[in-house]
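Student: In case you want the letters, here they are:
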Amino acid sequence: MRKITRILRWILILAVACLMLVLPWIAQNRYQVHIANNIGIWLLLSLGLNIAMGYAGQYNLALGALWGVGAYTAALLQTRLGVPFWINLPLSIIAAAVIAAFVGLPSFKVRSHYLALVTIALGEAMNLVLVNEVPITGGADGIGHIQMPNFFGFPINNDERYYYIILIMVILGYVLGRQIVSHRIGRAFRALRDDFQAARAMGVNTGFYQILAFAISGAYAGAAGALYAQLNTYISPDIFTFNSALIVLTMILVGGMGSLPGSIVGTVLLLVLNEYLQVFQRWQLVGYGIAIIVVVLFLPGGVVELARKFGNFRRRWLAGLSKGKSDAEAG
Amino acid sequence: MFLEIDQLTMRFGGLIAVNNVSISIEKGEVHGLIGPNGSGKTTIFNVLSGYYKPSGGKIIFEGRQISGLPAHQITATGFARTFQNMRLFKSMTVMENLLVAMGYRAGVGLWQEIFDPVAVHREEQTFTEKAIELLDLLEVAEFANEPATSLPYGHQRRVEIARALATNPKVILLDEPAAGLNEIETEELRKILVRIHDRGITILLVEHDMKLVMEACETITVLDYGRKIAEGTATAIRKDPVVIEAYLGKEGNP
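Protein chains in written order, with the working numbering: chain B, 379 to 709; chain S, 1343 to 1596.
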């Protein structure tokens, strides 16, 4: 039975992988590919926030601004100094991770929702810097004329080609995220979230791991920022706000806190729904609010909890089935 | 001296929880720390494990002053502890609880932890084997993959001791390990203490179960109102009039 499940699982993974690979060709129009790219960028944001918040309990709601740090680093390096994509991407990741580590410093003094408030304030302050440092950031007008990447003479100049770069980054982000959360670092994160004092007594350098959690979410946001800037070729401060952090928070709450697949489910669900509910654009935030309330009340583990519940139910059902059979044989 | 608590004082505002207490502990000893409620036993533990910085005095471990170091560094020098009100990590299995305590001293570096799956896999195997061995020692190996807090109370206590041992300690601080255990479980606990002792680990035991303390400990220190009032072997302590007075009150006092 378990063998069949495993085979089914691999078939599913393979099917999804194939679908991912050919998506630009089966898409009905360029806009759908654009949506897919957008989903990929938000996926990086929600994977990063889920590691910091879902695993380590570090409420990094400066995420929107950190996304901006990545985007502006890439944009400035590219437009002012002509630094190509392949170099400005890692530099953006490092820049956002370093700034995120500083954003994490208050976590030594305040926890949970107080930390959330402090990081919101820090994020908004950073956004104000983007708006007001006109000579560097271009102020509210932002930065335009950002070039799309060029791979040794092969221009990645449309959504279809760019899609594969984003796909690679998302897969990389997921695989590295898995590696982080499922071994020693992830256990240290969960330990300090579950019981701070006990974690210290077990030898976890809690301060270090708190900052690391912030830096990791910053690194993901940095990657998302660099990708965003060079996909849209134009950036302005209005998207790098608390509002964006809130959207990412909704994604991981709906999908599943402390679960990387939860990040994927939540992000895809929210962005796809968003496309179909364009008419209600004005009510978007109201909708997110309702979604959060419903999930927190009825499904605290997010949508992935449904899958887990179903799995448990099926296992019990199968166990009952085989037990009934052996009982019948015995009888 | 192996572990020296030297004129330790711990003040919280106007309250003096520990007042000028000195205790010497030898390597491999089972040392009991008893006293009525509020006599400062747990406070001494909290200072020893680095939660509090002492207001006065110092703690010397293997010739090195450790008082004032952050908790995780004290753990790295060889201290481990359990808690009076058990504090297992609630989102984790029994196995994961033990794994948390491993690998901060040696082991693969941070970058390897993220980018080198082969090294991580090898490390995980070593950790898991060691964890199984400790769970066997505490006779809870069969629950390795159960959620830690779903276990019966007595078993959770054992998992907590196993988790403390997983940090590879030289000294283990047990804060009321028999609290909430019945007589049979307490007897099993005593046997476990013997096994831990046999591994050459020094045990510092805070406990209200006098039978256990008298049987298990080689030396006992008695505290009352933050002061050390007596120290000696179980037999000596049992007869000490000062100790009897602290526990039962003065004769003739209504």
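To be clear, the hints were calculated from the coordinates, so they are not data collected in a lab.
Don't take every hint at face value.
[Unchecked claim] The calculated DSS-like cross-link candidates involving lysine-lysine, where the alpha carbons are at most 27 angstroms apart (straight line), are:
hint: 1; chain 1: B; residue 1: Lys687; chain 2: S; residue 2: Lys1432
hint: 2; chain 1: S; residue 1: Lys1553; chain 2: S; residue 2: Lys1581
hint: 3; chain 1: S; residue 1: Lys1432; chain 2: B; residue 2: Lys487
hint: 4; chain 1: B; residue 1: Lys487; chain 2: S; residue 2: Lys1553
hint: 5; chain 1: S; residue 1: Lys1400; chain 2: S; residue 2: Lys1432
hint: 6; chain 1: S; residue 1: Lys1432; chain 2: S; residue 2: Lys1472
hint: 7; chain 1: S; residue 1: Lys1533; chain 2: S; residue 2: Lys1369
hint: 8; chain 1: S; residue 1: Lys1512; chain 2: S; residue 2: Lys1395
hint: 9; chain 1: S; residue 1: Lys1369; chain 2: S; residue 2: Lys1553
[To be verified] A few chain S residues that face chain B, going by a derived Cβ cut-off under 8 angstroms, partial list only:
hint: 10; residue: Tyr1393
hint: 11; residue: Tyr1446
hint: 12; residue: Thr1561
From a predicted model like this one, the values you see are computed outputs, not experimental measurements.
Glycine included, every Cβ here is placed at the ideal spot set by N, Cα and C.
Student: For a C-alpha distance cap of 27 angstroms, please report whether Lys1432/S and Lys487/B respect it.
Tutor: holds (24 angstroms)
Student: Do the alpha carbons of Lys1369/S and Lys1553/S lie within 27 angstroms of each other, as the hint requires?
Tutor: holds (23 angstroms)
Student: Does Tyr1393/S meet its interface restraint, that is, does its C-beta lie within less than 8 angstroms of any C-beta in chain B?
Tutor: It holds, given that the least Cβ distance between Tyr1393/S and chain B is near 7 angstroms, below 8 angstroms.
Student: Run the distance test for Lys487/B versus Lys1553/S: straight-line Cα separation, threshold 27 angstroms.
Tutor: It is violated: about 43 angstroms lies between the C-alpha atoms, which goes past 27 angstroms.
Student: Between Lys1512/S and Lys1395/S, does the CA-CA distance stay at or below 27 angstroms?
Tutor: Between Lys1512/S and Lys1395/S the Cα gap is close to 21 angstroms, so the pair holds against 27 angstroms.
Student: With a cut-off of 27 angstroms on the C-alpha distance, tell me whether Lys1400/S and Lys1432/S pass.
Tutor: Violated, because 34 angstroms separates the two Cα atoms, which is more than 27 angstroms.
Student: Given the proposed pairing of Lys1553/S with Lys1581/S, does the C-alpha separation stay at or below 27 angstroms?
Tutor: holds (15 angstroms)
Student: A closest beta-carbon separation below 8 angstroms is what the hint needs, so does Tyr1446/S meet it against chain B?
Tutor: With Cβ-Cβ at 4 angstroms, under 8 angstroms, it holds.
Student: Take a quick look at whether Lys1533/S and Lys1369/S sit within 27 angstroms of each other, Cα to Cα.
Tutor: The hint holds at about 20 angstroms.
Student: Do the numbers back the hint for Thr1561/S, that is, is its least Cβ distance to chain B under 8 angstroms?
Tutor: Not OK, violated: Thr1561/S not within 8 angstroms of chain B, min 24 angstroms.
Student: Between Lys1432/S and Lys1472/S, does the CA-CA distance stay at or below 27 angstroms?
Tutor: Status holds; Cα separation ~21 angstroms.
Student: For a C-alpha distance cap of 27 angstroms, please report whether Lys687/B and Lys1432/S respect it.
Tutor: Since the Cα atoms of Lys687/B and Lys1432/S sit roughly 19 angstroms apart, the hinted pair holds (cutoff 27 angstroms).
Checked against the numbered hints above, the structure violates hints 4, 5, 12; every other hint is satisfied.
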